[in-house]
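So the first sequence is numbered by this note's numbering: it starts at 1 and just counts up by one.
In case anyone wonders, no lab produced these hints; they're calculated from the structure.
Hints may be right or wrong, so weigh each one.
List of simulated lysine-lysine pairs, DSSO-like, C-alpha gap at most 27 Å [claimed, not checked]:
id	residue 1	residue 2
1	Lys123	Lys353
2	Lys167	Lys299
3	Lys291	Lys91
4	Lys372	Lys12
Quantities reported herein were computed from a predicted structural model and do not represent experimental measurements.
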Amino acid sequence: MHLSRYFLPILKETPKEAEIVSHRLMLRAGMIRQETAGIYAWLPMGLRVLRKIEQIVREEQNRAGAQELLMPTVQPADLWRESGRYDAYGKEMLRITDRHEREMLFGPTNEEMVTDIFRASVKSYRDLPLNLYHIQWKFRDEVRPRFGVMRGREFLMKDAYSFDLDKESARHAYNRMFVAYLRTFARMGLKAIPMRADTGPIGGDMSHEFIILASTGESEVFCDKAILDLPIPGEDTDFTADLSPVITDWTTPYAATDEMHDAAAFEAVPEAERMSARGIEVGHIFYFGTKYSEPMNAKVTGPDGAEVPVHMGSYGVGVSRLLGAIIEAHHDDDGIVWPASVAPFHVGIINLKPGDAATDAACADLDAQLTKAGLDVLVDDVDSRAGAKFATMDLIGLPYQLIVGPRGLKDGVVEVKARASGERATLSPQEAVNRLIGELSS
RNA sequence: CGGGGUAUAGCGCAGCCUGGUAGCGCAUCUGCUUUGGGAGCAGAGGGUCGCAGGUUCAAAUCCUGCUGCCCCGACCA
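Full structure from sequences and hints, please.
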């Protein structure tokens, strides 16, 4: 991709509405544009990152045995009357009336709908366990949207729903999602800490929020530092096996949000190991038993011939929110510092002198080689000054910059700069290509 | 939903108090110079001054109402 033809409306000045750093940087880097309060258009650069995050979430859901479907954004009110939530949900739900005066709504979540899909087709315990998920836009009419995409009204969420015969098998479904989440967030360069969350009327120990630490986080969190160093389950994890030892490892060290904080238990953690910080919730997993299956009559016949309501859980990831969360965790004074796994492009080639035949040719060759190796490349071929190019490239935060100018080429070298460390290496073009492919291919 | 701000060019702002027909910086366009960390000079284009009423010879400016957006709090992936 050539920057001269790419729609990337960079802002030099910070729009005044942006308070927190991720919001500022997303606007300045031309990733999003606010259309109205809490509702954003995703510009090409922002969309690229959104898609990469989505894909990681998808891969890990699939790996854990969940199956993707896609449910609509607009739902009929009647479905929500079955669970009683049409009245209970309140003003956060965007209600719509169609031309036939039928009551509709823009979905804030999909428990009712997925339960409807399930009950229409699944009648036997033999078809369990089942986990269905989708990645779809949601709308919650927040009283006060803020922090850019971190708390928008329209947002992209992955929500999975598990169906099991009883509570014990539901626990296995829960554990699979727990492990999938550990892997998902780690792949995005985030340290997500599972914290026990309020289970409401259901009770029990099966609800966790996944929190990443960031100074601009919305809630205060307390944890034992030991949890930060726990190993992330590998790609080879067998999701059909008993995962409870992993869950035990991850739920033993103290970790709680302020709502669930137990000061006495926290005091028991050695002082040097105690940490209190601010956090952003990026995922939430929840077992809710028969809360929907019972009123909505989603039953299966068990091995004993008796009909029982299925035990369900739901598992959310705030996909669009993750962009903000990742930037909060990965930025510096000059701009964004994308982890390679979610970066909009892997490499930015800076052509210091567009129009110079040798420089243009070198850039084209480097672009071709890197692209052929499967990397996403953005070539800055804009006729502007070096300083402006460096500033732009630092702002958009691509993991590596490949700096190509006539001065270096005369000596047969180009420069590779790692965005995160600022480290620069002067190499031959071929060495540079090899180095980048080595660092970035996965 | 309570409290507080704010609305003037794509972005950031001044002008409003004391009414006289709109300005600055950045960005954009043209030309020349410049060229390894957000260049300089010269010129140009771009505005229903949030909307609707009212006062006045005259309203961005004064008055009334409405709306959008932002911030603080209560609530959420």
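Hint consistency between Lys123 and Lys353 [alpha-carbon to alpha-carbon, up to 27 Å]: 68 Å, violated
Pair hint Lys372 and Lys12, alpha-carbon separation not exceeding 27 Å: Roughly 33 Å separates the two Cα atoms, so the pair is violated.
Holds or violated: Lys167 to Lys299, with C-alpha atoms at most 27 Å apart: 14 Å, holds
Hinted pair Lys291 and Lys91, Cα distance within 27 Å: Holds: Lys291 and Lys91 sit about 22 Å apart, inside 27 Å.
The earlier numbered hints that this structure contradicts are 1, 4.
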